[in-house]
Amino acid sequence: MPTIKADLELCQGYANCVMEAPKYFDINDEGVVVVLKEKFGEEDRARVETAVRSCPVTALQIEE
Amino acid sequence: MSSRAVIVGGSVGGVRTAQALRSNGYAGQVIVIDAEPHLPYDKPPLSKGFLDNSLGLDRLHLISKKEVEESKIDLLLGAKAVGLDLQNGLVSLEGGAQIGYDNLIISTGVRARQSPWEVSDGVYLLRTLDDAMGLKEKMTKSHSVVIVGGGFIGAEVAATARKYGLDVAIVDPLEFPIGRVLGDEVGERFVGLHHENGVSTHFGIGVESISRESNGLVVGLSDGSKLIADFAIVGIGAVPNVEWLASSGLVLDNGVVCDEFCRAVGQANVYGVGDVARWYHARLGELVRVEHWTNAVEQAECVARNILNDGDPQSYVPVPYVWSDQYNWKIQIAGETSSSGEVVVIEDPSRAGRFAALYADSSGAYRGVATVNWPKAMIRCRRMLETRQDLSVPVQLVREMVSGT
Chain A
1 MPTIKADLEL CQGYANCVME APKYFDINDE GVVVVLKEKF GEEDRARVET
51 AVRSCPVTAL QIEE
Chain B
65 MSSRAVIVGG SVGGVRTAQA LRSNGYAGQV IVIDAEPHLP YDKPPLSKGF
115 LDNSLGLDRL HLISKKEVEE SKIDLLLGAK AVGLDLQNGL VSLEGGAQIG
165 YDNLIISTGV RARQSPWEVS DGVYLLRTLD DAMGLKEKMT KSHSVVIVGG
215 GFIGAEVAAT ARKYGLDVAI VDPLEFPIGR VLGDEVGERF VGLHHENGVS
265 THFGIGVESI SRESNGLVVG LSDGSKLIAD FAIVGIGAVP NVEWLASSGL
315 VLDNGVVCDE FCRAVGQANV YGVGDVARWY HARLGELVRV EHWTNAVEQA
365 ECVARNILND GDPQSYVPVP YVWSDQYNWK IQIAGETSSS GEVVVIEDPS
415 RAGRFAALYA DSSGAYRGVA TVNWPKAMIR CRRMLETRQD LSVPVQLVRE
465 MVSGT
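Sequence order for the protein chains is A and B.
Here our numbering is used: the first residue of the first sequence is 1, the next is one more, and so on.
Here our numbering is used: the first residue of the second sequence is 65, the next is one more, and so on.
Keep in mind that a hint or two might mislead.
Distance condition first, Cα-Cα at most 16 Å in a straight line; then the derived EDC-like pairs of lysine to aspartate or glutamate [what the hints assert, rightly or not]:
#1 B:LYS130 with A:GLU38
#2 B:LYS440 with A:GLU38
#3 A:LYS5 with A:GLU38
#4 B:LYS440 with A:GLU63
Covered stretches of chain A (chain B as the covering partner; in silico rule of three or more C-beta atoms under 8 Å from a C-beta of chain B) [said to hold, decoys possible]:
#5 12-26
#6 44-55
Footprint (simulated), chain A over chain B, 3 or more residues, beta carbon under 8 Å [said to hold, decoys possible]:
#7 75-86
#8 241-251
#9 383-395
#10 431-440
These aren't lab readings, by the way, just hints derived from the structure by calculation.
Glycine included, C-beta positions come from ideal geometry on N, C-alpha and C.
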């Protein structure tokens, strides 16, 4: 199953990923991304890929 | 029969359109054309991390070479589009080549507005990678700079110039330059930020002249005073790159005019994406053109989906979002924050310098939010903008975040 990987050092808390896929991402008190669910099914692939592309600092990756 | 999407402009809007076409299952050929020779790069860091050397060139790539290959995206770099033949579906390139398309995406962006003050040397603009590299070298070798324009670019560059240890003066005709976007009450706080960081501000004052004299570059101001520096940076806005479309027959008016689905008006297979596109925003009921990174990305996603579902296109009705980094402030802005209604500012007493400003329209409806050093409050309030609320709702939410309840 594909897995979401977040680079917490790169993350700047822009939160575009939360707008695109709130089921998978949130922002904590320090302003850093929290991956709520690492694994996703094919039905959510387009949404997760959109969230990954929306990150201004390329802090998100999908590992197949 | 295979189809072909041609994307003119390889900055964030163009590259994200190519990726989104693939991600949504577009099977035809995807070609991205750009006039610059560089692998597509990201522009926001050019005034921030790239300029202050905290981010290397390798962190600027919008797409890796590996993904370009895997996604079968054809990059045509160093190729300048100079004309468009709508009748025959052809883009003309400098040098005479022509490229046919089934769908055309126009994402040629904007360029920095030229300085109206003609000086032989010492006046810099900032828009492209080459601009940023030239500016880095100049900052390393200089002691002082005058920045003309106190908007986002000007303020970000001022902050970066201070990191180089330069003496910085910044000039803008408005008393509170960021007030253009955030209103004067909040804009005033940004003036204080410049002062705390040792920048001298000349706001509410115009620039009359810039000239090279024996003692340096001399900037003459409308109050009769003069500023002297090693060089100047002019950040006074941007102009859409539409000259190549002048004789195409497309409707051009402060950008490529598009319908609510981001199709160039009157065209079924030509789309606008990013800073160059002025589309009909159905919720606002007017044509808008937005020069924000996130807008380009969201518009790219919408256009890719509309190309793949052209029988049932979706309107593009985003909630605007933009960020800026100035000194030690991380600034985030969503929605409409320049409206004339009530503004409520809430500070977090546990964190110096952290605040949120919540904006209503004249009817009291919540319309926008700006935060400083507070990403969590931003995302909570930004999501609330997707539905209509009274201003009191986000105000209460942020107050609860402060009190920890």
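What are the numbers of the hints the structure violates, in ascending order? Per hint list: 1, 2, 4 and 8 violated.
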